[in-house]
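S.K.: Please take these sequences and the hints and turn them into a complete structure.
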Amino acid sequence: MRPPIPSLKVCALLLLWLLPGIANPAGDGKQQELEDLRGRIAKLKGEVERASVDRSEAADGLRNSERKISDINRALIELQKKEQRLGQSLGKLAQEHRATKAQLHAERQQLAALLRQRYRQGSDDATHLALSGRDPGEIQRDLEYYTYIGRARARLIRAHNASLGRLTAVESETRSRRSDLEQIKQNQLTQRTTLDREKQVRQATYNQLSDQIRQQRKQIDSLARDESRLSRLVERLQRLSEARKTTKPREPRAGKTITNVADASLAGLRFAALKGKLALPVAGELLARFGQARAGGGPAWKGLFIRTKAGQPVRTVASGAVVFADWLRGFGNLLIVDHGGGYLSLYSNNESLYKQAGDTVHAGDVVAATGDTGGQEETGLYFELRRQGQPFDPMSWVR
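Numbered continuously in the working numbering, the sequence shown closes out at residue 611.
Please note: incorrect hints may appear among the correct ones.
Unchecked claim - Below 30 Å or equal to it, Euclidean Cα-Cα: the simulated DSS-like pairs (lysine-lysine) are:
{"id": "1", "residue 1": "LYS293", "residue 2": "LYS397"}
{"id": "2", "residue 1": "LYS514", "residue 2": "LYS430"}
{"id": "3", "residue 1": "LYS280", "residue 2": "LYS411"}
{"id": "4", "residue 1": "LYS397", "residue 2": "LYS411"}
Source of the hints: derived by calculation from the structure; they are not laboratory data.
M.R.: So, in structure tokens, the structure goes:
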């Protein structure tokens, strides 16, 4: 555990009591402690960066799993539609099956009738008829009749065989279609089960890395506060030991509540003439300012972050044309307005975008709703102003 930091008043009194020019060992000790703290913070930031890379890879894997699951769900819906169409087709096949069976039944009845008739009439042998002693004309009629009966019987037998073949084909096709569809469906369900398991594993990894990063950032914040306090003490000790007083300009603090929101009063005015007249896009708490260091390390803020509830209206600060309205990694749902003269305003992390690229907007128009898209931990709006592509402090233009 670090030794407790002495109060500034005590240190000041001690130094004032000492004769000028005497070395300050306490300051040297605190300076070393400050360097140690900074080393720990740098190490933690490196760990956060590495964990962030791992989390980004886990997020990519999670995204791929979710896309594949979506594709399979879409394929399963298509299979359901195919099942419906197959059901209709099978219904027709069933009707054909019943019709074929009815036809077979009728053909069998006809064959049975022919056989019974043949049995009653006896042999149709031509020699037997010729020797029967009957009238030649009657014999000729019987021979023609027996020939017709024989041909009819042959046709019935051929039709019967053809009907049996159709029935067999219908039953085979029905079984084949059902089997193919069931196999495809089973494969899709198996893939979805596998992907669901993969998604659970990747989600767990992503959540674990997110928790790790949050904890490390808390540590960095805590150490940064310690560093800030110790740094102020070291500076105070140095100033007192050198018998010099310096006055540092106070930096504007975050935490200010924004109540003055953009409206239509500036519609139609040139952006370059609006310095000192602008209002911010949304009401809320000013959580981060231009140039302020980020709590988790990395580049300083290039704009403002205003914390507010989700779904709050986001208004354009001046008139212009929407040149970008889409999702962008790190910014979520982002909208950019070109105000002419090289000036742009950017509104990001939105829950919803109400305008599209190419739309004309006027000062005070509602163009989006606040949110936390793009991986933002806080809900609100990130807002930037740029000229010729370079960001500048929006607060220097706000009335």
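S.K.: Taking the earlier hints as the rules, which of them does this structure contradict?
M.R.: none
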